[in-house]
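These protein sequence lines map, in sequence, to chains A and B. Yeah, the first sequence ends on 581 if you go by the working numbering, and it's all consecutive. Yeah, the second sequence ends on 1171 if you go by the working numbering, and it's all consecutive.
Everything labelled a hint here was simulated from the structure, so no lab data went into it. No experiment lies behind these values; they were computed from the predicted model shown. Cβ coordinates follow ideal geometry from the N, Cα and C atoms, glycine included. The hints are all genuine.
In silico DSS-like pairs for lysine-lysine, Cα to Cα no more than 30 angstroms straight-line:
#1 K1060(B) <-> K300(A)
#2 K300(A) <-> K1081(B)
#3 K578(A) <-> K1060(B)
#4 K384(A) <-> K522(A)
#5 K4(A) <-> K181(A)
#6 K344(A) <-> K203(A)
#7 K181(A) <-> K1081(B)
#8 K1004(B) <-> K300(A)
#9 K545(A) <-> K578(A)
#10 K133(A) <-> K1081(B)
#11 K578(A) <-> K1004(B)
Some chain A residues near chain B, calculated using beta-carbon distances under 10 angstroms:
#12 G120
#13 R123
#14 L131
#15 R153
#16 D306
#17 R307
#18 I310
#19 N311
#20 D575
Spelled out, the chains give:
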Amino acid sequence: MAEKSGADILIEALLAQGVDTVFGYPGGAVLPIYDALFQHPKILHVLVRHEAGAAHAAEGYARSTGKPGVVLVTSGPGATNAVTGIADAFMDSIPMVCITGQVATNLIGSDAFQEADTIGITRHCTKHNYLVKDPAELGAVVAEAFHIATQGRPGPVVIDIPKNVQVATAEFDRHGNNAAKRYVPAGDADFAAITQAVELLAKAKAPILYTGGGIINSGPDASAALRELAALAGAPVTSTLMGLGSFPASDPAWLGMLGMHGTYEANMAMNQCDVMLCLGARFDDRVTGRLDAFSPNSIKVHIDIDRSSINKTVRVDLPIVADVGKAIRQMITIWNSRKLQAQKLDEWWARIKGWRSVGSLNYPASQSEIMPQYAIERLFQLTKNKAPVITTEVGQHQMWAAQHFHFDAPNKWLTSGGLGTMGYGLPAAIGAQMGNPDALVIDIAGEASIQMNIQEMGTASQYRLPVKVFILNNEWMGMVRQWQQLTYESRYSNSYSDSLPDFVALAEAYGWKGIRCDDPAKLDDAIAEMLAYDGPVMFDCRVSKEANCFPMIPSGAAHTEMILHSDEVSGTMDDEAKALV
Amino acid sequence: MHIKEEFAERHVLTLTVDNEAGTLARIAGMFTARGYNIDSLTVADISEDHAISRITIVTKGPPEVIDQIIAQCERLVPVHKVTDLTDAGPHVERELALVKVSGAGDKRVEAMRLADIYRARVIDATVSSFIFEITGGPDKIDTFVALMRELGLVEVGRTGIVGLMRGSEAS
Ligand SMILES: Cc1ncc(C[n+]2csc(CCOP(=O)(O)OP(=O)(O)O)c2C)c(N)n1
Ligand SMILES: [Mg+2]
Chain A
1 MAEKSGADIL IEALLAQGVD TVFGYPGGAV LPIYDALFQH PKILHVLVRH
51 EAGAAHAAEG YARSTGKPGV VLVTSGPGAT NAVTGIADAF MDSIPMVCIT
101 GQVATNLIGS DAFQEADTIG ITRHCTKHNY LVKDPAELGA VVAEAFHIAT
151 QGRPGPVVID IPKNVQVATA EFDRHGNNAA KRYVPAGDAD FAAITQAVEL
201 LAKAKAPILY TGGGIINSGP DASAALRELA ALAGAPVTST LMGLGSFPAS
251 DPAWLGMLGM HGTYEANMAM NQCDVMLCLG ARFDDRVTGR LDAFSPNSIK
301 VHIDIDRSSI NKTVRVDLPI VADVGKAIRQ MITIWNSRKL QAQKLDEWWA
351 RIKGWRSVGS LNYPASQSEI MPQYAIERLF QLTKNKAPVI TTEVGQHQMW
401 AAQHFHFDAP NKWLTSGGLG TMGYGLPAAI GAQMGNPDAL VIDIAGEASI
451 QMNIQEMGTA SQYRLPVKVF ILNNEWMGMV RQWQQLTYES RYSNSYSDSL
501 PDFVALAEAY GWKGIRCDDP AKLDDAIAEM LAYDGPVMFD CRVSKEANCF
551 PMIPSGAAHT EMILHSDEVS GTMDDEAKAL V
Chain B
1001 MHIKEEFAER HVLTLTVDNE AGTLARIAGM FTARGYNIDS LTVADISEDH
1051 AISRITIVTK GPPEVIDQII AQCERLVPVH KVTDLTDAGP HVERELALVK
1101 VSGAGDKRVE AMRLADIYRA RVIDATVSSF IFEITGGPDK IDTFVALMRE
1151 LGLVEVGRTG IVGLMRGSEA S
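Isolated chain A, as found in the complex (with noise of 0.2 angstroms):
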């Protein structure tokens, strides 16, 4: 067999797993590779303007095609710009394979030109990383990685390749790499288990489904089969952050979100349900609020992939360890094959109505400045025949989109969740757009989190990217504003936006759209500008400066001491529950 070189060997084992958009930026240790890359235009290479970019624009293009983003970076600053994207992955499940390169292997551990320990660094960010030493190596070890990043709880693997491995040559054959054996995720659900959480579930009084980005992670079946078991049951749903648009927001059962900004209703179900049904989800500290007064009195099961988010910080009743697409199906079959029949839950139903008439997204209504809620209201009515993608950054902005946004599928609401990483938006929109050419996709963003990866406007031009980036410019970073409110007294340290640039001035200097607003009865009619746009738009909504995102549970309190107005804010706390994150 002809020998290649390891940058062909890589390039044909990226293309034997399907790979055609790579998101990179070039330098010393990865030549080899994009030499190989430039002798196959089979593999389109979209140039970033920030390793950190390249990154959240694999994690876009992931979380919107259901395929794995593919990263390519050069060693040292390269990889470790990258960082903050593959630690984003990781927090929220995200497939990716993030190739670096690396000095050669004679310079490792020699503080050569621009090396750094890229497998150390990010051996606790990723789901598995390597450093390959032999070119004949590498086609196993492509096929391992993606098939480590996809199967099981997703998330991100770096290959880390040195120079010398990228130029010396080896045998490869495209057919001759089985992904190895070793890693074997959870599939079925013990048939015991989810036949008892079948019974719960159909003797429950007052149920609920709890669901989360597994849901998301595990295919557009799951989310078909979550719609079905909720109608079967007869049950609320909820979800978290990073699983909306797994059940539709339209559906009568749709509680909205939960969490610290999730609605009073999905609060208040979960804390007085009986039974709860946590679907993909793993309890997180946005969500559960405290811990011991967190839904006391109900019979808990836990359906994931990762054992590890079972019981982690939340005891559970029932642990079942499986793909909870998988697992839904089995419990609809068990369910029908049964013949079983829900509960009359109408008294669950009329509670629900209760706390549904509290109507804790209301939000005070202005004739004479742009109400955040209301920005975010609009762009919803108007876009909402395109099912557009929706990404965000990080902030008051971000809980308002969650809120005031509805989503009926998945794949169509990309946020950094877990890691909360400002900047991740605008390039997810990149990633996004690239794997979705034909869709509407929009970045709400914050006027200080668009900043940190403002760069990345150049590449939406470069590739004739047509992304709108809808900013909620309140000129302050909101979220630390508020807290700084209701926490330190309103001493705002360091949390005032100065300086802005003109970003109507920026978009053209880019040569984007601008348009600004800050009107609301103009609101309509800049934003239908926008959409007609056939180019990337940047849109400067000037909204209300000092709107706080309610409802809202305060750090340390349980579901059931929920802020719904500011008018119920102290404006100090503990030294307990400023402790906590």
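Fit chain B with the ligands to the supplied structure of chain A, relying on the hints for placement.
Below, chain B with the ligands alone, put in the same frame as chain A:
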């Protein structure tokens, strides 16, 4: 506000892992990254083809944390199997220590006498020093080292424990 201490119990875990670069760092680093304790850790390759290593970790934590530790270990790709010896039932634990003692006269004689009682072997001797080799459970070694401290202890090297289940099954 003050930082609170938590109740912790001791567990001995054994892991069978791929013998490849970085596996130990991955496991030890995971313990540090997630704030778990390592009291001792031993590792050696145990298979004929040198492909598999066995790691014995002694850790401390509340029961639910021990359960998390096991789950987090299992989540690592090169880890094939994790056994909690403490939970699994009757098992043996052994550790080896080298103990250097220097002194003369009565103290030297007493050190020899105690070594005999504890079944420590002399593996090096000069006119003014001994190195004892002792194996046993960690308590026995602790006691022996404490006694030697009174009699001119110079230094100690300990392997950390290894353990196996009793009976005919593999752990
Ligand atoms: C990289 C990073 N640094 C810091 C933070 C902490 N943080 C969370 S929200 C926020 C303010 C965001 O401000 P902006 O983008 O204007 O959004 P707003 O809350 O005003 O909607 C900050 C600084 C973070 N999440 N990510
Ligand atoms: Mg802001």
